[in-house]
Structure formats: C-alpha cells, structure tokens
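**Student:** Heads up: the protein sequence lines correspond to chains G and H, in order.
The numbers in the first sequence follow our numbering, run straight up by one, and end at 269.
The numbers in the second sequence follow our numbering, run straight up by one, and end at 269.
Any given hint could turn out to be false.
Chain H regions said to be covered by chain G (calculated; three or more residues, Cβ under 8 Å) [said to hold, decoys possible]:
no.: 1; stretch: 31–38
no.: 2; stretch: 143–155
no.: 3; stretch: 181–188
Just so you know, these hints were derived from the structure itself, not from any lab.
Think of the CB as a built atom: it goes at the ideal place given N, C-alpha and C, for glycine as much as any other residue.
Number of protein chains: 2
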Amino acid sequence: MFMSKYVHGYTERESQRLYDQANAVSGLLHHDTIYPPGSKVLEAGCGIGAQTVILARNSLDAEITSIDISLDSIEKARDSIDKEKIANVHFRQADIFKLPFAEESFDHVFLCFMLEHLQKPAKALLELKKVLKTRGSLTVIEGDHGSCYFYPESDEALQAWRCLIRIQAYLGGNSLIGRQLFPLLEQACFHHINVSPRMVYIDSSKPELMDSFVNKTICPMVEGVEKQALALNFMDKTSWDKGTQDLHRIATLPDGTFCYTFFKGVGIK
Amino acid sequence: MFMSKYVHGYTERESQRLYDQANAVSGLLHHDTIYPPGSKVLEAGCGIGAQTVILARNSLDAEITSIDISLDSIEKARDSIDKEKIANVHFRQADIFKLPFAEESFDHVFLCFMLEHLQKPAKALLELKKVLKTRGSLTVIEGDHGSCYFYPESDEALQAWRCLIRIQAYLGGNSLIGRQLFPLLEQACFHHINVSPRMVYIDSSKPELMDSFVNKTICPMVEGVEKQALALNFMDKTSWDKGTQDLHRIATLPDGTFCYTFFKGVGIK
C-alpha cells in the first residue's frame, strides 16, 4: 500500500505523498540500480511515476519503458518526467498479465511497490520473465507492513497501522510481501537471487527524515484508509483519531523513534 | 530476553544457546567496537561471558573489567575466557546500581542485552556514566522483540513469540527496548548519540545462519519460557506446541524467511 490500489481518482494529497515518499528513501532503495547505456529496461507498474523519475535519473542513458494499467496514472507520470526534463522514458498503458511485448524484449525489468497489490504475484513475475532476455535481471522493491514499529507505542496507533495490513488483505493484496521476495523469486525460477532488507530507522537526530517519512509518508498513508477502516468496523472513530494523532506525535516528540523495512530483490533469468 | 533473567541455575542448553547466539551475529554487533591498547573498559552485566569473549578478542590490548550480579554466571564466564586463553579480562561480582568503582575510573563502558532486564534502564545508564571518564564512550546493544517477523507466519507462532515479550514485561523488563536506545541515552545526557539498527535477515540462501540463529537461538529462547507461558495461561499446550513447531519449520522450509533487528547505541560523556 505504498502505492494506492485505487489507480483511478488519485487525490492531490495522495500524489504528493507518493512523491514525498519516493524522495525520502530514494537513496536507500535506488542507489544500487544503475542500468548500462543503451540497455532496454521495462518498469512494470509505474503508477504516477514517483519511482520512474528516480530510476530514469540514475540511468540516463538506458531506454526505459514504463507501463501501468491506468491511463490516468500514466498521464501524471508523463507530466512529472516532462517537468524534470527527463528524455529516456517511454510510457505505455498495459496490463502486466497481458504484456504487449515480444518475448525477450528487455535487458532488465524493474518493479517497485507493485506485487503487494496483486492476488497472484508469482504469476506476475513469470509474465515479466517472458519478456526479459536470458541473463537479464529483474529487480523488485516492496515494503513489509509487519516490519513497522515505533516509540512511543499506543494500542490505537498499532491498531490504526494494522488497518492498512487488513485492508490490503481484504482487497486481495499482501502488504507483508517484503519478507516473501526470496521465495517468490525462487518460485519464478530466477537464478542468483539476492534479497536485501533496506531498513529505515529514524530518531530525533534526523528531524528532516522524520518529517518526510513519518509525517508526510506514513501518516497520510494510514489516514488514506480511514473511510474503509471505519466502514469495515476495524476501528471506531474515536480510537482511529487517537491512533492517527499518536502516529503524528512520534514525529514531534524528542523521544520518538520509527522503524520500517523495505526489501529489494534481484534475480537473473 | 537474549540473556535470561534467571541469572542463577542456567541449564546447559541455555548456556549453549547464549554462546551459539553470540557467534551467529557477533560480526554484525561487535565489528565496530574496538578499544585502544591500554584503555580501561567496563563490561556491565557480562552474564556467562557469551559477549565477553568476542569483546575481549576484538580489543586484546584493552583492560576489560566484566561485572555481573551473579557469582554463578561469573564463574561460567571465567571458564569460557580461560578456555579461549584470553588474558585481558578481570571479573568481579557487582551490582550495577552499587558500583564498587571510583568515579571516572573507566575510559569506556560496554553493555549488551542487559538493559532489557531492568525496571529502571535510564537509572542504570546514569550509574554507569558516573564511573565513566569525561569524553569516554558508552556502548549499548539490545534486541527488540517487536522487530521480529517471519514467513510463513502462523497465529500460533506469532502468539508463542509474543509470550516472550509478555513474560519479559511481567518480570519487570522490556524486550522492546532496542527502539528506545536513543531516548534512553538522551535522558542520561550523553552527547553525540548515534543509534544504528543491526538487522538480521535470513532466507534459505543462508542455511548456516538459519540454523545457528533461528534453530539454535530463537527457538530455544521461545522454548525456554514454555513453563511460564503455560502457567500464566498466555497459551494452551496444544497451541504452544504448534507455535514452536512452526518456528522450527521456518528453518527447514525452502521458502522460510526470518527477520530480527538489534540496536547499537553509542554516546559520549
């Protein structure tokens, strides 16, 4: 749920959250993904392009094709790429389960915060593998909402956080997918699989990261599921309000700390 | 609960667990703690010496004084140091809240898996600070049981794991203390505080670490609280058995993954 399942009708606030998040942890997630000049890269599930901008900037001489199932998202992604004057990305609307590319068309495949939304993530990896050249790499980045903990802790804050996990599961996704990247890549028969955790640990010695990650990424993400959480009776409104306030307080208290871990997996076809 | 609260009457199995654990993650936790030749170092709460051996080996020319409240533990610690032919450690029975040392006696203080057992960890840090020289460092390593997650997950395995957290809390300790190191060091007015997470992520590409950490450290740690968990009615015997079996299965399944994070904090007086 680091990118909303609701690919249509993004609010402005949600878009801003996705860009803020991408910038807050871009080094941690992207620094070791640099594609050679001239290589053909498929980004699967680019959404509104929050990761596309970083990906393209780190590999300015690679030819990137970014796809998403939503035309609305692609338009936003194209806008941000144009705004950044990045010229090496080509967008195309496409379904990951019906890829409009010939087999072995790409040197590399990249996907970020995409598998978590799918009912059949292993099948998606197999589809992507088809359009990947032999000895090409597939790189996948996902979060794991079970990796999140913080101080101070309150029951309401924990419950509000768990609503994210429950709603993602209710929608057929899996926000605990980070820990599963290794077995998923194995199931899809990739070779030389390497999965590494990318942990975000923040205390008050890093006030800017606390603001950009906790206040501007984590809190809006939780707040974004309020309607569903209340409608599904996961929490009552009073507890919900306390929970989200407690999460915001972490970022303002001198003793607040926050932990979240992303996972990055790379496999070779 | 990475070292048992039960400082008396260690079983052989528990001792073995502590040594196995120390070896499994010693690099991760200890590699950046190297004290200069001739420096006087206090290790507070050495227990049976599982960390002492590693600490002393990494700083063979430092003069280490290792204390523990339990004479039994100190005897075991002395045995392991002698067995390793390490000559730079002096042991002494002492209570951390009544330290038998003059103020500013030590260049550095080191403690590992100790604060989690205390009702007043901040007070302990203040006591240790007294015997530390101005501009000397204090290094503290703790786990955080809330940082643990794994795949596959079962309700019983999660519950069994949570028994550790609940029992530590019931005994007046805090197994979620890792995330609190920064505020604790701040409360004790240390300067230049730096806290870094040390995450253990294991998948089936690392079978030896899976065995030494999950099978020989994590599982025995959980199994070690069976009597208390059942006596306190935290779980029934059938669920308990399934939970501990599920934890062991993680280490044997090809798709098993396991995550746990330690925290290391350093502050300057």
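**Student:** Now, for every hint given, state plainly whether the structure supports it.
**Tutor:** Here is how each hint holds up against the structure:
{"no.": "1", "hint": "31–38", "in the structure": "violated (count 0)"}
{"no.": "2", "hint": "143–155", "in the structure": "holds (count 7)"}
{"no.": "3", "hint": "181–188", "in the structure": "holds (count 4)"}
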